[in-house]
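Undergrad: As a plain string of letters, each chain reads:
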Amino acid sequence: MTKSTLLLLSAVGILAALPLAAELPQEPIGSITNIAGAAHVLRAEQELVAEKGLRLFAADVLRTGAGGGIGVVLRDDTTLSLGPNSELTLSDFDFKPDEGILGMTLKMIKGTLVYISGQIAKLAPGSAKVETPAGIAAVRGTKLLIEVPETKPMKREGKSK
Amino acid sequence: MRVAFGMLTGLCALLAGCATTPQARFYLVPDPEGKIGEVTLTNEAGSIILNKANETVEAPGGDQAFADARQADTKEIEETFGDAFMVMPPPPKGFNIYFDSGSAKIKPESEGLVAEVLAEARKRDSRDVSLNGHTDRVGDKAANMELSVRRADTLKELLVKSGVREEYIQIEYYGESKPIVPTEDNVDEPLNRRVEVVVR
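Line order of the protein sequences matches chains A and B. The first sequence begins at 1 in my numbering and counts up one residue at a time. The second sequence begins at 1 in my numbering and counts up one residue at a time.
Quick caveat, the hints were computed from the structure, so don't treat them as lab data. Treat the hints loosely; a few may be bogus.
With a straight-line cut-off of 27 Å between C-alpha atoms, the simulated BS3-like cross-links for lysine-lysine are [said to hold, decoys possible]: (1) B:LYS52 - A:LYS96; (2) A:LYS96 - A:LYS107; (3) A:LYS110 - B:LYS105; (4) B:LYS178 - B:LYS123; (5) B:LYS105 - A:LYS122; (6) B:LYS178 - A:LYS122; (7) B:LYS52 - A:LYS122; (8) A:LYS110 - B:LYS52; (9) B:LYS161 - A:LYS96; (10) B:LYS93 - B:LYS75; (11) B:LYS178 - A:LYS96; (12) B:LYS156 - A:LYS96; (13) A:LYS52 - B:LYS123; (14) A:LYS96 - B:LYS141; (15) B:LYS93 - A:LYS52; (16) B:LYS52 - B:LYS75; (17) B:LYS52 - A:LYS107; (18) B:LYS161 - B:LYS105.
Here are some chain A residues pointing at chain B (derived, C-beta under 7 Å) [to be verified]: (19) ALA36; (20) ALA59; (21) VAL61; (22) GLY65; (23) ALA66; (24) THR79; (25) SER81; (26) PRO84; (27) GLU87; (28) LEU102; (29) ILE109; (30) THR112; (31) VAL114; (32) THR142; (33) LYS143; (34) LEU144.
These numbers were taken from a predicted model, which means no experiment stands behind them. Yeah, the Cβ is synthetic: ideal placement off N, Cα and C, and Gly gets one too.
Next comes chain A alone, as it looks inside the complex:
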């Protein structure tokens, strides 16, 4: 092995290690307080079994099966729950009242959501949002219920080729 190859390889090694080193430890944005039936949290392509007390992070996806349910409290006192066959992404969550940084975006993919807004909606009305496939809800201190009925899979006619 030549010296230049060695240098190249070590450079590749350093580059490969960089993304890991650059990932700052995230602060939890909330936790699971209630569970019914089958419920999971999808995090960085890992599927975790949802448990009472499990800390949640921005970008986590909450998913329930038939008969499943999840209840969550976020750090700004937002409370929310999902019924069966539901999916919700905790897309963004910024709660730094001292610095005036306030905002949250939840993405309701399917199923049923019960949502009671917390301090973010109170301190910065309109900055707490729930996106759905058919519109965005901007919340000003409220209890909101959202249903996104599951889409029927499209039937493909004929052969795939």
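Keeping the supplied structure of chain A fixed, place chain B upon it in accordance with the hints.
TA: Then chain B, alone, in the frame of chain A:
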């Protein structure tokens, strides 16, 4: 109420699969204190505001406008959201526990409140308790930073002794930097000598 909204066609690109999106239904209901808030719904076709109890509206999806808002009855709401209501968490509960001057000893007047914190944690089987320690401005900043940790630790020990597992408790500490009552330096202010507890 419907508001004309012509500039949102670009949103179609953000909402995956506009042409085949399912519809969504939104319901505004009274919060636990009985208050009705307000929510603004927006899609590519415009926006609509819900601000009455049990007001509901359907979004057909795609670039179609929201339907007219109507009143939902409680039976419809219960049938659709009953399962989700079953797992809805109670609102988090906050407490302020006060301390003797320059010390991590809980004030006798706050001891009853400590018992309430424990009762609340037990009632919920809480697995998420925050303890945020604070001081007044007597003494120097560094010492107060250290004192604010010790105050939070005092409470943590009490909770752990009473059965709350350590891994479910998180501590943050701010020394004298976040007073409830702002004061000059070296002012003795009992209201600032506290640990703020949130039981979830």
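Undergrad: Could you run down the list of hints and mark each one as holding or not?
TA: Okay, the hints, checked on the actual structure:
1. For the given pair, LYS52 (chain B) sits about 31 Å from LYS96 (chain A) by alpha-carbon distance, which is inconsistent with the 27 Å threshold.
2. For a cut-off of 27 Å, the pair hint linking LYS96 (chain A) to LYS107 (chain A) stands: about 21 Å separates their Cα positions.
3. Distance hint between LYS110 (chain A) and LYS105 (chain B) is unfulfilled; the C-alpha atoms sit about 50 Å from each other, more than 27 Å.
4. Between LYS178 (chain B) and LYS123 (chain B) the CA atoms are separated by roughly 30 Å; this puts the pair beyond 27 Å, and the hint is violated.
5. Note on LYS105 (chain B) and LYS122 (chain A): the hinted pairing is violated, with a Cα-Cα distance of about 35 Å set against a maximum of 27 Å.
6. A hinted pair counts as satisfied when its Cα atoms are at most 27 Å apart, and LYS178 (chain B) with LYS122 (chain A) qualifies at roughly 20 Å.
7. Of the pairs offered as hints, the one joining LYS52 (chain B) and LYS122 (chain A) holds, with about 18 Å between alpha carbons and a cut-off of 27 Å not exceeded.
8. For the given pair, LYS110 (chain A) sits about 25 Å from LYS52 (chain B) by alpha-carbon distance, which is consistent with the 27 Å threshold.
9. Between LYS161 (chain B) and LYS96 (chain A), the direct Cα distance comes to roughly 32 Å. Violation of the 27 Å bound is thereby established for this hinted pair.
10. A C-alpha spacing of about 30 Å is found between LYS93 (chain B) and LYS75 (chain B), which places the hinted pair above 27 Å, so the restraint is violated.
11. About 13 Å separates the Cα atoms of LYS178 (chain B) and LYS96 (chain A), which keeps this hinted pair within 27 Å; it holds.
12. Restraint check for LYS156 (chain B) and LYS96 (chain A): the C-alpha separation of about 24 Å stays at or below 27 Å, so the hint holds.
13. Distance check on the hinted pair: LYS52 (chain A) and LYS123 (chain B) sit about 14 Å apart at the alpha-carbon level, within 27 Å; holds.
14. Between LYS96 (chain A) and LYS141 (chain B) the CA atoms are separated by roughly 22 Å; this keeps the pair inside 27 Å, and the hint holds.
15. This hinted pair checks out: LYS93 (chain B) and LYS52 (chain A) have alpha carbons roughly 17 Å apart, not beyond 27 Å.
16. Under the criterion of a C-alpha separation no larger than 27 Å, the hint pairing LYS52 (chain B) with LYS75 (chain B) is consistent with the structure, at around 17 Å.
17. Distance restraint check for LYS52 (chain B) and LYS107 (chain A): the Cα-Cα separation of roughly 24 Å lies within the 27 Å cut-off, and the hinted pair is therefore satisfied.
18. As the CA atoms of LYS161 (chain B) and LYS105 (chain B) are separated by approximately 17 Å, the hinted pair is consistent with the 27 Å bound.
19. At a threshold of 7 Å, the smallest CB-CB gap from ALA36 (chain A) to chain B is about 5 Å, leaving the interface hint in force.
20. A least Cβ separation of about 17 Å between ALA59 (chain A) and chain B goes past the 7 Å threshold, and the interface hint is therefore violated.
21. The criterion of a C-beta within 7 Å of any C-beta in chain B is not met by VAL61 (chain A), whose closest approach is roughly 15 Å, and the hint is violated.
22. Annotation: interface hint on GLY65 (chain A) violated; nearest CB of chain B at approximately 12 Å, more than 7 Å.
23. Annotation: ALA66 (chain A) was flagged as interfacial toward chain B, and the flag is violated, the nearest CB pair being 10 Å apart, outside 7 Å.
24. Given the 7 Å rule on beta carbons, the hint for THR79 (chain A) holds: about 5 Å separates it from the nearest Cβ of chain B.
25. For SER81 (chain A), the interface hint holds, the least distance from its beta-carbon to any beta-carbon of chain B being 4 Å, beneath 7 Å.
26. With a cut of 7 Å, the hint placing PRO84 (chain A) at the interface with chain B holds, because the nearest CB-to-CB distance is about 6 Å.
27. A distance limit of 7 Å between C-beta atoms decides the matter here; for GLU87 (chain A) the minimum to chain B is near 13 Å, and the interface restraint is violated.
28. Below 7 Å, beta-carbon pairs count as interface contacts, and LEU102 (chain A) has none with chain B, the closest being about 17 Å; its hint is therefore violated.
29. This hint is violated: ILE109 (chain A) has a C-beta 10 Å from the nearest C-beta of chain B, more than the 7 Å allowed.
30. The beta carbon of THR112 (chain A) comes within 5 Å of a beta carbon in chain B, closer than 7 Å, and the hint placing it at the interface holds.
31. Among the interface hints, the one on VAL114 (chain A) holds; its C-beta lies about 5 Å from the nearest C-beta in chain B, closer than the 7 Å criterion.
32. Below 7 Å, beta-carbon pairs count as interface contacts, and THR142 (chain A) has one with chain B at about 3 Å; its hint therefore holds.
33. The beta carbon of LYS143 (chain A) comes within 4 Å of a beta carbon in chain B, closer than 7 Å, and the hint placing it at the interface holds.
34. Because the smallest distance between the Cβ of LEU144 (chain A) and any Cβ of chain B comes to about 6 Å, under 7 Å, the interface hint for this residue holds.
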